[in-house]
Structure formats: C-alpha cells, structure tokens
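*Asks:* Residue-level listing of the chains:
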Amino acid sequence: MIDRFFTAFRYTVVIVFFSALMFPFLWIFLSSVKPLTELFGEDAFKYFTANPTIAHYISIFVNYPFLRYLWNSFIIATVTTVYSVSISAAAAYAVARFNFIGKTILLGVVLAIAMFPPIAIISPLYIFLKNVGLTNSYLGLMIPYTTFAIPFSMWLLVMFFKKVPWTLAEAAKIDGANSWQIFYRIFLPLSLPGIFTTAILTFITVWNEFLFALTINTDDRFKTIPVGIAMFQGQYTIPWGEITAVTVVVTIPLVIMVFLFQKRIISGITAGAVKE
Amino acid sequence: MRKLTPYYFILPAVIMIIVVALFPVGKTFYYSFFDIQLNHPCKTAARFSCEFDLEKYLENYLLIKRSLSELPAEAAKRIKALNKEVKEAAGSRYVLVQQKMLTYKNIAPGEALVDINDKNARKFRHHIKQITAGLNNKRNKTKIIGMVKSMQDALLAPTFIGWANFKKYIFNLRLWQAVFNTTAFTIVSVFLELVLGLIFALMMNKVFRGRNLFRSAVLIPWAIPTAVAAVIWGFLLDGQNGIVAKYLSSLGFVDNMGNMLSTAAGAFFSMVIADVWKTTPYMALLLLAGLQSIPGSLYESAAIDGAGVYKRFRYITLPLLKHAILVALLFRTLDSFRIFDLVFVLTGGGPANATETVSVLAYKKMFSQSNFGEGSTIAVILFLLVTFISIIYIYFLRSLLKGEETA
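Going down the list, the sequences are from chains U and X. Using our numbering, the letters of the first sequence correspond one by one to residues 3 to 278. Using our numbering, the letters of the second sequence correspond one by one to residues 244 to 650.
So here's chain U without its partners, still in its complex pose:
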C-alpha cells in the first residue's frame, strides 16, 4: 500500500518537474507559429492558433543575419574546441601518468582559472585585442575562449585519463616505444570516449559564452548566436515572432545532441565532481 502510494507520488513529481522544464520550450514553439496579430493582446495567451504560419521562420533567415551568426558560432566553437582539447590532452596525459614537480600547483591553477569570473580578465584582453585590431574577428574570440576552454577540458581529461588502464602502455614501453608513441599510438585511441565527451562539453561551453562575444565582436558580420538573439531588437516593437522562431531554431540541434549523447554528457558533468 505504502509502496504504491510512493510510486504514484514519484510519478506525480516527475510529471510536474518534466512539465515545468518543458513548458517554456513548448510555449516558445506555439508562439513562433502564431501570426503577428495573435502575438499581442488577448490572443497572446491562447495555446493554439487557428492560423499557423512559418512566416517568422522565413523572416529570420531572409530579413536578418541569423544564418551568419550561427555560422560564426559554429566556426569559433569548433576551432576553439579542437585546439584546446588537443593541447589539454597532452597536458592531462602527463598529469595522469607521471609524477613531476609542480603537478599540484598546475592542477590548483587550472581549477582556480575554471572558477574565476570572466569579467576579471576582460579589460586587458579587450584593450589588447583592440590595439592589435583583432576585435570583430574570429581570432578575437578564439583567443579569450582559450582562457577557460583549456583549464576546463584539461580538468575533465585528467579525470577520464585516470580511469584508462595502463597495462597496454607498459607493454609498449617494454617493446621500446617512446613516450610520444605511447601517448599517440596507444593511449589516445584507448581514451577516445573521454576525449569525445570533453570535446562535446567544451563545444557547448564555448557556443554558449556571452560576455566576451558581447564586448569583442560587436559587428554584425562577426556576432555569435547568443549575442545575436539577446541583442535582437525591432525598430518599433519587440519582434517576438522572430525571437521565438530563432530560439526554436537554435534549440533543435541541442535537443538532438542531448538525446544522442545523453550518457556522455552526464558522465562529463559529473566527472569532476564525484569523489572516487
């Protein structure tokens, strides 16, 4: 009896939480297909429109440079992820595999940087990038993004690398392989899942970044998608139709990614936080 009560209670809580989490997305989607006149006034609170339209979806790509923003974000996030994870993988390998002087300090610094507020480094980076003419360029965002992408991915990779068995590497060492060969030929293939997880999380973090993107790339040609959406303004009224449509558009790839890589993402989120 009590068990049945708890089961019913649990399902109720799950359904309530699930609805609370999903309702905003549902509402944004329902609003994005409403014609402009139904986005304001009493009609704004109706769930379903009688005249669904895709006008806003066309508008965001025809009248506004959202495709460009998406492309900018994609390039910046991909390049930053690839080189940050590569550099971090080598360092994380050394941290997980060897004992050396300064290891504790390195790990401490890495964790501290992952925690400190981005506003604390923006003034020198901004002044530097402005002086060398790198504001409004891809490189102008990739450089500052390294600041947190490297410590972030390095921390995760150390956690993953510690779990990779060393026996194969030991065997290779006996066979006369040097450190670089062991790392490149044996260790990296073995730890691909962890590297992949780290890359996904780094990509999401870089893709979502706002403060640097807002201040450094102000030109429409180089804006990233979060800034493009957040700073999107109409001439006279707030263009909710376009805003909801573009929100749906950027959420869809994330939903697909989350469903495909759910287990990996969760293992990445929790890797650094659980005491082994």
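In short, the hints are calculated from the structure, not lab data. Mixed in with the good hints, there may be bad ones.
Stated by the list, open to error - Quick list of simulated restraints, FRET-style, between CB atoms:
{"hint": "1", "chain 1": "U", "residue 1": "F63", "chain 2": "X", "residue 2": "S292", "range": "47 to 57 Å"}
{"hint": "2", "chain 1": "U", "residue 1": "P167", "chain 2": "X", "residue 2": "Y251", "range": "20 to 30 Å"}
{"hint": "3", "chain 1": "U", "residue 1": "S88", "chain 2": "X", "residue 2": "D361", "range": "50 to 60 Å"}
{"hint": "4", "chain 1": "U", "residue 1": "F25", "chain 2": "X", "residue 2": "Y251", "range": "51 to 61 Å"}
{"hint": "5", "chain 1": "X", "residue 1": "I442", "chain 2": "U", "residue 2": "R6", "range": "13 to 23 Å"}
{"hint": "6", "chain 1": "X", "residue 1": "G539", "chain 2": "U", "residue 2": "R70", "range": "47 to 57 Å"}
{"hint": "7", "chain 1": "U", "residue 1": "F102", "chain 2": "X", "residue 2": "G405", "range": "39 to 49 Å"}
{"hint": "8", "chain 1": "U", "residue 1": "I77", "chain 2": "X", "residue 2": "N282", "range": "25 to 35 Å"}
{"hint": "9", "chain 1": "U", "residue 1": "Y140", "chain 2": "X", "residue 2": "G495", "range": "28 to 38 Å"}
{"hint": "10", "chain 1": "U", "residue 1": "Y140", "chain 2": "X", "residue 2": "T630", "range": "49 to 59 Å"}
{"hint": "11", "chain 1": "U", "residue 1": "R6", "chain 2": "X", "residue 2": "E647", "range": "36 to 46 Å"}
{"hint": "12", "chain 1": "U", "residue 1": "R70", "chain 2": "X", "residue 2": "K327", "range": "53 to 63 Å"}
{"hint": "13", "chain 1": "U", "residue 1": "A57", "chain 2": "X", "residue 2": "Q420", "range": "41 to 51 Å"}
{"hint": "14", "chain 1": "X", "residue 1": "T248", "chain 2": "U", "residue 2": "G135", "range": "37 to 47 Å"}
Treat the numbers as computed from the prediction; the structure is a model and nothing was measured. Heads up, the beta-carbon is just placed ideally off N, CA and C, and yes, glycines get one too.
Fit chain X to the given chain U structure using the hints.
*Replies:* Here is chain X on its own, set in the frame of chain U:
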C-alpha cells in the same frame, strides 16, 4: 631526459594558461591602480610617467605649418622654436613618424609614443600657453588656436593613481548594493536549486518508465545558452504578453502581471525563476552521481532493521551525500556569484539598479562609460570575493574529508 618528459607534454598548455589567463588577471589588478578611460584622449593607457604622442602632435603641427605665413611673426617664430625642441628631444622617432604620416602608412601601436621628462613637459606646456596667448589678440585665428590647443593633447600625463579607485569604491553605495544583490540572488537561487535538485535526484535514482527520456529532457535547459534562456523568460514574464506573468498574477503571487519585470522584487524573482529553471538539472545530476555511489546494501540492511523511508534518508543518504552536496554547492555558488548574462539580458540590472550584480556593474563601468580603471577595480573586488568564498568551501570540504578519515 626521462625526467623532462612530462614537461614537454604540459608545456603548450602551461604557456597558453600563462598568456591568456594568468597574465590578464595580473594585468586587471595592475589596471585597477590607474585612471584608464578609453574615451578620454589622454587616459587610454596605463602610464607611470609623462609620455609624448608624436602622432597627435604632428597631426596638428603639419597643418599649422602650412598656414604659418598667415600668423603674426612672433607666434610663427614660437611655433618653429617649439617644433625644433620637440624634434631634438624625440630624435630619430620624430623623423620616422613624420615620414609614415606623410606617406599614409600605418603607425604601429606605441610607435609614436616617446618618454618625456618633467622639465620638458613643463616647457612644452609653457610654449603652448604663450602661443595661444599671442594669438588670442588677433581676430580670425580661431581655427589655428584650436589646433594649437589640441597639440597640447599630445602631452600625456601619468595615469597612475595608486589606491584612489579602491578608496572610491570601498564606501561606494552602488557597489555594495551590487554585492548585496549578487549575494541575495546567490543564496536564494542556490538554496532553491539544492532542494529541488535533491528531490529530482532522488526521483531519478529510482528506476521508472521513461527515465531515459526524462534524463535527456532535463539536459536541454542546461545546454541552451544562458542568454537565450534569459530571452525565453523575458518573453514568458513580459508585462503584456507573458503567459507565466499572467498565471502568476491570476494565482495571486503578484498584484499585476506588469510588476514581474518592472519592480525591484518582481525583477529579482524573475531572475531567480529563470536561474532555477536553467540550473536545477545540473545540480540534480551532480547529486544523482553522489547518490549512485552509495551502496544499495546499506539501504537493504537498514530496511531489515525496520528503518522507514525518512530514517533511511536522514541517517544514510544525507550523511553520505554531504561531500557531493558541498561540491555541487561550491560549483553553483561560484557560478552564481559571477552571473552576468542572465541579468544583463533579462533585467539589464534594472529597475534603477535594483538587480545589478557585481559583474554587470563592472561591465557598465568598462563598456558603457569606457572607464577601464574603475571597471578593473570592481572586477578585482569580485575576484577577491569569489576567492574568499572558495576558501571557505574548501575549508569545509577539507574538514569533512579529515573527519571521514578519523571516523
């Protein structure tokens, strides 16, 4: 050779960390002792001593030179004398900059800047004063006077001001209001996230139909950009068309749906709602990982001994989850304390700075007022506050670990 191997592997990462993280942090501390204002012609850089901007000087001098013949003989003589002195003091750099300007080549940053000692700086100022005084009596020379005056901008005074920025902000009401807002926001939202996240985690720890779907679904709010989440909630809480604002007002939580984003309390809770919605899943996942590390056998033997649900939670789950809770709280507190995007997009810090956080205040100083000296000072204060919070948490985590070892 052997001993050096690990250093080869960490070298690239260490170089990058020093160049893009440690050096900038140090530079922010450094800037906080200067009066740097990017929109002020003489205060765009950190300087301990006087400097002389040849480019700015020559820009004006080369123009004045063309109309020297129209000027009274005495003024023209003085200008020539002044130029001679500048040329002698700056040496080869003068020729270089002049050549580049005449051939329209780009001048590298810092190339046009030369050091100038106090004596020469005083002499330069004196000359300018004499020249303008001499021209003042003549009519129709206003254009030239303007140029002579802007020649004076070439002389850059030191911007080092010591502790002045800190002295200004230590008793600054707006800063402390921002610290208070940030702290209140952090405490309220992180507390709600902990409670809801724990319930979430306890639910997800049990097997139920659709658990995988549920786990994927909770990741979506976590994965979307905070700025986009803020836009979504801006729409849901909008004073005229916001559905959630309407529901909240018909349920009696607010008098008027327009109050959500336009009053201090409404805006504060709007931020809390958006933040709780976005980050509770993250909290839940961290706690879930902690729950999964508790061996199931503990619960079984407790159940055999007759411990009920509450007792099992109170005496097994909570104590064993302490570590995971502390780590989750540490991550979330630090994250919440540096919050920028949610506030900036959802409320802009308003109404009337009522929801302004420290990061937003620092941003406004730097990018709305171009005051990088004061902005850096606020950033340094935030940095110190965040460090202080982490030290407290790490102290608790350490003593927790020690307690477990002795037990």
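*Asks:* Going through the earlier hints one by one, which of them does the structure break, listed in rising order?
*Replies:* 9 and 10
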